[in-house]
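Novice: Here's the letter readout for the chains.
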Amino acid sequence: MSHDASHPAHLAHHFDSPEQQNQSSSLGMWLFLAQEVMFFGGLFVAYAVYRFKYADAFAVASGHLSLFWGAVNTVVLICSSLTMALAVRCGQLGDKRGIIRYVVATMILASVFLGIKGLEYAHKYEDQLVPGPQFEYVPDFDSYSVPVTAETADPNFAGHVQLFYSFYFVMTGLHALHMVIGLGLMVWLIVKAAKNHFSSEYYTPVEMTGLYWHFVDIVWIFLFPLVYLVWRH
Amino acid sequence: MSSPSDHHHVMPVRTYLNVFGALLVLTVLTVVVAFFDLGPLNVAVAVTIASAKAYVVLLYFMHVRYSNRIIWLTAAAGFVWFVLMLALTLSDYATRGWLPYPEAW
Amino acid sequence: MTKSRTHYLNVNHTVGSWLFTVDHKRIGLMYLGTILFFFLLGGIAAVLFRVELMTPGSTLMESETYNRLFTMHGITMIFFFLVPSIPAVLGNFLLPIMLGAKDLAFPKLNLASWYVFTIGGLLGLGSIIFGGVDTGWTFYTPYSSTYANSQVILAALGIFIAGFASIMTGLNFIVTIHKMRAPGLTWFRLPLFVWAHYATSIIIILGTPVIAITILLVAIERIFQVGIFDPALGGDPVLFQHLFWFYSHPAVYIMILPGMGVISEIIACFSRKRIFGYKVVAMSSLAIAILGFFVWGHHMFVSSQSMYAGMVFSILSFLVAIPSAIKVFNWTATLYGGSIKLDTPMLYALGFIGLFTIGGLTGLFLATMAINIHVHDTYFVVAHFHYVMVGGMVMAFFGGLHFWWPKMTGRHFSEMLGRITAVVIFIGFNLTFFPQFIVGYLGMPRRYHIYPEEFQIFHVLSTAGAAVLAVGYLLMAAYLFHSLILGKRSSRNPWKAIGLEWTIPSPPPTENFIDTPVVDYEAYDYSLERAYEDDEEDHS
Chain A
-11 MSHDASHPAH LAHHFDSPEQ QNQSSSLGMW LFLAQEVMFF GGLFVAYAVY RFKYADAFAV
49 ASGHLSLFWG AVNTVVLICS SLTMALAVRC GQLGDKRGII RYVVATMILA SVFLGIKGLE
109 YAHKYEDQLV PGPQFEYVPD FDSYSVPVTA ETADPNFAGH VQLFYSFYFV MTGLHALHMV
169 IGLGLMVWLI VKAAKNHFSS EYYTPVEMTG LYWHFVDIVW IFLFPLVYLV WRH
Chain B
167 MSSPSDHHHV MPVRTYLNVF GALLVLTVLT VVVAFFDLGP LNVAVAVTIA SAKAYVVLLY
227 FMHVRYSNRI IWLTAAAGFV WFVLMLALTL SDYATRGWLP YPEAW
Chain C
5 MTKSRTHYLN VNHTVGSWLF TVDHKRIGLM YLGTILFFFL LGGIAAVLFR VELMTPGSTL
65 MESETYNRLF TMHGITMIFF FLVPSIPAVL GNFLLPIMLG AKDLAFPKLN LASWYVFTIG
125 GLLGLGSIIF GGVDTGWTFY TPYSSTYANS QVILAALGIF IAGFASIMTG LNFIVTIHKM
185 RAPGLTWFRL PLFVWAHYAT SIIIILGTPV IAITILLVAI ERIFQVGIFD PALGGDPVLF
245 QHLFWFYSHP AVYIMILPGM GVISEIIACF SRKRIFGYKV VAMSSLAIAI LGFFVWGHHM
305 FVSSQSMYAG MVFSILSFLV AIPSAIKVFN WTATLYGGSI KLDTPMLYAL GFIGLFTIGG
365 LTGLFLATMA INIHVHDTYF VVAHFHYVMV GGMVMAFFGG LHFWWPKMTG RHFSEMLGRI
425 TAVVIFIGFN LTFFPQFIVG YLGMPRRYHI YPEEFQIFHV LSTAGAAVLA VGYLLMAAYL
485 FHSLILGKRS SRNPWKAIGL EWTIPSPPPT ENFIDTPVVD YEAYDYSLER AYEDDEEDHS
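Chains as they are written, first to last, in our numbering: chain A, -11 to 221; chain B, 167 to 271; chain C, 5 to 544.
Read the hints as simulated data drawn from the structure, not as lab findings.
No residue lacks a Cβ here, since even glycine has one placed at the ideal position from N, Cα and C.
Heads up, some of the hints might be wrong.
Some residues of chain A that are not near chain C, with every Cβ distance over 10 Å (derived) [said to hold, decoys possible]:
(1) 24
(2) 80
(3) 96
(4) 126
(5) 166
(6) 169
(7) 220
No more than 30 Å apart at the CA atoms, straight line, and that leaves these computed lysine-lysine pairs for DSS-like [claimed, not checked]:
(8) A:183 x C:112
(9) A:180 x A:84
(10) C:500 x C:345
(11) A:84 x A:41
(12) C:500 x C:283
(13) A:112 x A:41
(14) C:283 x C:345
(15) C:112 x A:180
(16) C:112 x A:84
Produce the entire structure from the sequences given, and follow the hints as far as they go.
Specialist: Have a look at this one:
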């Protein structure tokens, strides 16, 4: 283990250079994200199978979600991705105050997203659309909000609608959980930035949190059309 | 593998704003398209637009454009593997009705 | 102790120095202790139900107990022993040393993985203590999600959590192999052990998250009564099988590939030859890792999966045989003309080659749709995967453990007892599992403990074999434990092997290498002078 003068404090003993350390972190983070793709991927495959089998039920069920709030949340999350990207840019430039400013902005946007999500959940709870024993859905054939097809006339139609909501809650719930973890990471970033740990030479944690946050954004980019936009015409 | 400049490649704020604008436009587009009945193409269009958005986020926000090959490969592997999982699973569901099983063994 | 040299074992003796260590070698040993505990647990379950199976009727236990025992055996052996065994123990210990690195890229993550694994293991253990699980290790829905009245949630969470330990290890390995190789250690100079772990880690990263989400869905379905696979709502239980086998078939390769890496090391050393077709063997690991992902449907030929999907999966399954066969052929070609020494590790390696070949070839029977329907869920399947898992993987694990035992502990085990035990285990194994091929072919279904009398002879043979196997394992435990205290001290390179791990003292110092090594030779270059050097100078 060499203790030459060029050995900066943030360099762990088993790495030879900060470059090697940063590249290792970066590759590690990307592998983690690949893992995350497959984690959500399992859910998306299951969703795809059911949507393939019960297209009409999924269309009807999706129509009960609020397109307005879904779209607002999409915009909010894209904004938060922008602020996060700018926070990383401040990291590259060694702008400590910039990091804090943009990370706080990201956290505010994330909180708005989660707040809206919470309201949507509460609304679904009132409508008894939360899956489980209390789930209640009566297809409304009379007002033509549900067209009569071979599938919607299936006595188990309500069951298929419930399946949609199972996926809605599990998918958006896991996504929200990832956001909460992201918020925790950002608190850590602010503490580290305030303690002056970052410089233009070392801002790896900002960079990695940024990658994580953009991944969370990408998941939502796919969730939004798949969950909210099934049947709008 | 890569020069230090890869890691420190600073993009102008303008690039970020352009990407942001593109993402907003694509979001509006995907909502608008959803109101047209394109039959089975609806899903295809929605997923294509979402993929385009994800691609832009990957390239610019996540700096993949300026990263070395192994990062490219890792990012690609996740998506390719997901698509293969989806394709092989759906190959079962899509072909189930093709040939009836004997009624009794 | 005549000469006191500081190494990773004696650098510090406190409990805290182990529990908070970030030294990959110590973490490897901690993993060794943990997985051997689960091996013992799974083994005890096996002994119990093998005794029950000696008689056609229900003698010792009822069906409920029997179901819980074979489930316990499956879950502990697969998720808490086989999956972590070679990567987390030998891989952890050796990978950084083979790369000439001081540690894995993320030492804290490595320690965290042990804790996560242990927590997962404790939940699994809890599920056994609070009454066990009766779903079989496969957790098929809707039985597991709706009907089973056992500790499914605990076991599912345990597996979910242990999965993340495995992901952490895999991630760490890939980054370490990419970024921390010593100067001169190019990709095609890497030991095949490293290649095998690289391939394994790819499967872990891309496969394990899928089982995590799947098993989480089962847990969610049970806890919140949210229908996901529930047929009452129109849910599809076969979908669970798709997702489950998307991981669990590649998981077979997670288990066997590291074993293949160990065998390559041992074969090269004890035939004093470079592995025949080194590059092809390295690439075949990657081929197995990739192809292994696209064959999962061969577990589902009789589960109402479409026949067309079945055909595709069947063909793809045959393809996996190609890289696997390449390995077997290349090992045999390496043996040809080599100066073979039949030391203990070599006996395990040779056992591996034979038994893995039987296990692999019977896998082709099972990938054939028509034959699969005949032998589906019979003891033929049980025998097949035990030939791969125990005959292959466990043999490789013990071969590797013996091979690197002097490196890890600095002590020699009794070579004579080692050889005897290897033979006992080989005999015991075949006596246990070969009759199961026959009885399975004759129609004995798996997971039943009451069976027609004409099958009894096979079950008695099998139980007798299990007893021999148990004696072998206990004997091994005895002499290995004995060697820790009274074993002869080992030199730097007791087997005269080539590889960076043999250039440093046994046991290695905490930082592995005093100076970063420079590699200017090919892997397994047994023509090198250094392979024959006498290294008496560092005997103590």
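Novice: Would you say residue 96 of chain A is clear of chain C, with no C-beta pair closer than or equal to 10 Å?
Specialist: holds (30 Å)
Novice: Verify this label for me: residue 126 of chain A is non-interface relative to chain C, using a Cβ-Cβ cutoff of 10 Å.
Specialist: Check passes; 15 Å lies beyond 10 Å.
Novice: Is the Cα-Cα distance between residue 112 of chain A and residue 41 of chain A 30 Å or less?
Specialist: OK: residue 112 of chain A and residue 41 of chain A at ~24 Å, within 30 Å.
Novice: Would you mind confirming whether the straight-line C-alpha gap from residue 180 of chain A to residue 84 of chain A stays at or under 30 Å?
Specialist: holds (10 Å)
Novice: So if I understand the rule, the pair passes when the alpha-carbon distance is 30 Å or less; does residue 183 of chain A with residue 112 of chain C pass?
Specialist: holds (22 Å)
Novice: Compute the least Cβ-Cβ separation between residue 24 of chain A and chain C, then decide whether it is above 10 Å.
Specialist: Non-interface label fails for residue 24 of chain A: nearest chain C Cβ at 7 Å, not farther than 10 Å.
Novice: Take the C-alpha atoms of residue 283 of chain C and residue 345 of chain C, compute the straight-line distance between them, and say whether it is at most 30 Å.
Specialist: holds (25 Å)
Novice: Please check whether the beta-carbon of residue 166 of chain A is more than 10 Å away from every beta-carbon in chain C.
Specialist: holds (13 Å)
Novice: Does residue 80 of chain A really sit off the interface, with its C-beta more than 10 Å from all C-beta atoms of chain C?
Specialist: Its Cβ never comes within 10 Å of chain C, the nearest being 21 Å, so this holds.
Novice: Is the Cα-Cα distance between residue 500 of chain C and residue 283 of chain C 30 Å or less?
Specialist: Since the Cα atoms of residue 500 of chain C and residue 283 of chain C sit roughly 23 Å apart, the hinted pair holds (cutoff 30 Å).
Novice: Residue 220 of chain A: least C-beta distance to chain C exceeds 10 Å?
Specialist: holds (23 Å)
Novice: With d taken as the least Cβ-Cβ distance between residue 169 of chain A and chain C, does d exceed 10 Å?
Specialist: holds (13 Å)
Violated hints, in rising order: 1, 11; the structure is consistent with all others.
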